[in-house]
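Here the structure of chain F is known, so what remains is to put chain S in place on it, guided by the hints.
Chains F and S are the protein sequences, given in the same order.
1 is the number of the first residue of the first sequence in our numbering; add one for each residue after it.
1001 is the number of the first residue of the second sequence in our numbering; add one for each residue after it.
By construction, these hints were calculated from the structure, which means they are not laboratory data.
Built from N, CA and C at the ideal position, the CB exists for glycine as well.
Some clues are possibly wrong.
The calculated label-pair distances, taken between Cβ atoms and stated as ranges, are [unchecked claim]: (1) S:Leu1227 - F:Ser221: 54 to 62 Å; (2) S:Ser1206 - F:Gly315: 42 to 50 Å; (3) S:Ala1218 - F:Glu186: 45 to 53 Å; (4) F:Tyr61 - S:Val1094: 40 to 48 Å; (5) S:Leu1227 - F:Phe322: 27 to 35 Å.
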Amino acid sequence: MSTQPRTRPVAAAAADLDIQQSLNGRRPVLRPASSDPGGILDNRFVVGFLRSPLWPGVFAYPTLVVFGFIVYSLLWGPGAASANVGSGLTWVFWWPLIPLAMFAMGRLWCAICPFGKLIDLVQKFAGLGRPVPPFLKKYGIWIIDAVFLAITWADHAFGIVDSPRGSGYLLGLLVTASVVTAVVYERRAWCRYLCFLGGLSGNYSRVSNVQLRATPSICASCKDQVCYKGNGKVAGCPVFEVPRAMSSMANCNLCANCIKSCPSGSLRLSFRKPASELWFVSRPKLSESFLAVVIVGIVLVQTVTMLSFWEPLMGSLSGVLFGSRMAAFTVVFLVAMALPFALVAGASAVSGGVRDERLFANFARFGYAVIPLDLGAHMAHNLFHLLAESQSIFYNAAALFGIYVTGPTGVLSQSTIQALQFGLLGLGIGGSLFTAWKIAKPLRGPGGARGFAPHMAVLVLFAAVNIYLFMMPMAHRA
Amino acid sequence: MKPHLNRPEVRPPSPQWRVSAPPVAARSAALILAAALAVATAAPVLAGGGLPHLSNFEAGPHVVALYNDSPTLVTGRNVLTLEVPPDADPASAVLDLANAAGRSIHVQLRKVSVRGGGESGGHGGAGGHGAAGEASSAHASGHASGHDSSGASGHSAAGSAASGVHQAGTPEQAVEGAVAPKVRLRGAVDIPATGTWTARLRLADSSGVTYTAEATLAAVDGGPNRLYLVLTGSLIGGAVLLGTIVRRLRPAPAVAATRRTK
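So that you can see chain F by itself, here it is in the shape it has in the complex (with noise of 0.2 Å):
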């Protein structure tokens, strides 16, 4: 396989632009021929759908609609998370269904979520149009990794999950800050710079098996980049995103607004090797490599609280904090978030020093490396709500309409489901030791993975012990 990017001459490239009729048989498409041969872009009813002003917005609407009513069922229905179906379709559903669907199609989830949707409806009307301010732009990303935290945490403490009210109140919060972004700054600044989800998002993306990319040889020669500005009648892209510099997924949304708008056909999807993202990021940043770091300790603190253990763990700690269970979890997720922070910073110190590297340089190239756990973990857990609770929201869903059923709540046996569960804990395991040593491993030349060791120890710890919990019997949640 070539180490070089794949270029081609100008001329050669649009030698073999085809013009093709798009779906609705009005607007000429134009796409690059044979230029890549596993362009999912290639398939003319694809070009055409995504081309199309049904895309994103056949999708979008209704999830809006859904999430209307997940949000009236959260706020209004049953108060017991079990019998409610905003919970379940919030908690068993979709939030088990996100890492999955990240990991397979980047941030696609992006393009149809309600909460953009509704910013995109807000600034028709009201948007003022605000630059967003460099502060946001800056630290954007640690507000984000700061909620994630808060909001993890308020899980536990108030149980935001374990209540429809707390998850109703959760969303309305979301949806009223997003609603005021949409109203003051331009695009979509919340999914860009402060939806905690966008975060996660952005660091899963990375792994997901697909890629938007420009063609150079064709922006080479464009002046007008109405894919960042937008034109007449499609928008500018909405995350701010030059899709001709665009070397990672990280915030593309798949929202085609570019490939609409590109008049050379210049865009490429295509399928890539899960991960490889990770291989060679151009710019690690702490702050996200610091959000890969801590979702280790939040997928342990959400695993850990439903092993058997859990609930004398916090007896014992409850009766040494004067009786306060809230104290109680938050030393437990204090040193849980701590831990692998201190841990993969160990790793960067002793790495940092066979490199020659500073400490936090070495924590940011190298926390990139435990995002495919992170996936990993993140999947094999959200999995058993999903497998083993998901038929509940059809018994919910019934009792609306008077149908009182009840019956099994898995779709598959609990060997089965702790199969799957090990084999992409596996996958997560493979792929973060794959990518520590292919960011260790100079791209030519002879030598080593310089600095691996250290974070490779690190790593099959974080595996070690996320085995060991998933060996446990976890109890439902709803």
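Here is chain S on its own, set in the frame of chain F:
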């Protein structure tokens, strides 16, 4: 702190260009995963009530548990569930609610059907779990427990025994216990007002003797906190209103361009 990003080697700016063909291994893995997800089998993971326990009726020798879909009786819609012991006649059960103001509401009860076989008994063959009762303790302890879907092979049994999340033993344990399944009856009722409500249950046993029992229930306001609604509603409404007004006051792009020219 900004990380020091010097690397010993120079990397190409967009190395992703190197990889564009769909990796066979990844596709195969995705296919296997999708196939596994698509196989929906009747798993031995059983659902029970998983509902908050409100009270018990002591109708003669029979103890009938009353559950709700909210932790308390609330104004608005409630779906009440009765768990009738096997030696009573579930078809004879009549449930009414009355308050001090003389308002009386009849609850239309229906048998809960169980998917995957079994009578309307709560546990679909894994009888004797008392799952719903455990559910209430789970809620009381701040754990939503969820649908007390009990894990097969003791999965949730071990997990929830200590955590208060309801659980059940293995199907094998259930068979060993050989406890006949209780029958569940469920009905929706709209509670119009907060305050104390008295639930009256009439139940006959298999010999035809009818028993009556009462339980006192406190109804509270259902729905979200009003202060929360007012605050979020004001923020959303205020922001949208402000945006709309400012946009109206702002000169149109053509006018603004003219002003700049002058």
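Hints and how they fare:
no.	hint	verdict
1	S:Leu1227 - F:Ser221: 54 to 62 Å	holds (59 Å)
2	S:Ser1206 - F:Gly315: 42 to 50 Å	holds (44 Å)
3	S:Ala1218 - F:Glu186: 45 to 53 Å	holds (51 Å)
4	F:Tyr61 - S:Val1094: 40 to 48 Å	holds (46 Å)
5	S:Leu1227 - F:Phe322: 27 to 35 Å	holds (30 Å)
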